[in-house]
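Enquirer: Sequence:
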Amino acid sequence: IRSLAAGLIGHGPLSHVWYDVSEDFFENVLKLTQWWSFIPKVVIDQILWGPFWNNTYIVLLGIMQFQKPSQLWADIKRTTIPLVISGLKLW
23 IRSLAAGLIG HGPLSHVWYD VSEDFFENVL KLTQWWSFIP KVVIDQILWG
73 PFWNNTYIVL LGIMQFQKPS QLWADIKRTT IPLVISGLKL W
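The sequence shown begins at 23 in the numbering used here and counts up one residue at a time.
Derived by calculation from the structure, the hints in this document are not laboratory data.
None of the values given here were measured: they were computed from a predicted structure.
Ideal Cβ placement from N, Cα and C applies to all residues, glycine included.
Possibly wrong hints are sitting among the right ones.
Straight-line distance between alpha carbons at most 27 Å, and here's what the computed DSSO-like set of lysine-lysine pairs gives [stated by the list, open to error]:
hint	residue 1	residue 2
1	111	99
2	63	53
3	63	111
4	99	63
Quick list of simulated restraints, FRET-style, between CB atoms [stated by the list, open to error]:
hint	residue 1	residue 2	range
5	57	27	22 to 30 Å
6	89	39	25 to 33 Å
7	91	45	31 to 39 Å
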């Protein structure tokens, strides 16, 4: 139930905004519309959005579990770098 709530509260709305802004930036500011433009999009997504969402998810679940801020911070420090590395390996 907590993951469902975190997704409804955080992931859906935040992802909607992130991908709208990201697409606008790549297409209208950087003018990247070529077939290969997915490569920098994926890299930016994995380096910026992945850690941001991961940490938001940790905070939302921690709040729902009444965790102390020190525990939330420890979880964020423990998972952020491995998440970025794993995300980049996937692609």
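Enquirer: Give a verdict on every hint.
Expert: Evaluation of the provided hints:
1. 111 to 99: OK: residue 111 and residue 99 at ~20 Å, within 27 Å.
2. 63 to 53: holds (12 Å)
3. 63 to 111: holds (15 Å)
4. 99 to 63: With a Cα-Cα distance of about 25 Å, the restraint between residue 99 and residue 63 holds, given a limit of 27 Å.
5. 57 to 27: 22 to 30 Å: violated (39 Å)
6. 89 to 39: 25 to 33 Å: Holds - the Cβ-Cβ distance for residue 89 and residue 39, about 26 Å, lies within 25 to 33 Å.
7. 91 to 45: 31 to 39 Å: Check passed, 34 Å falls within 31 to 39 Å.
In summary, the one numbered hint that this structure violates is 5.
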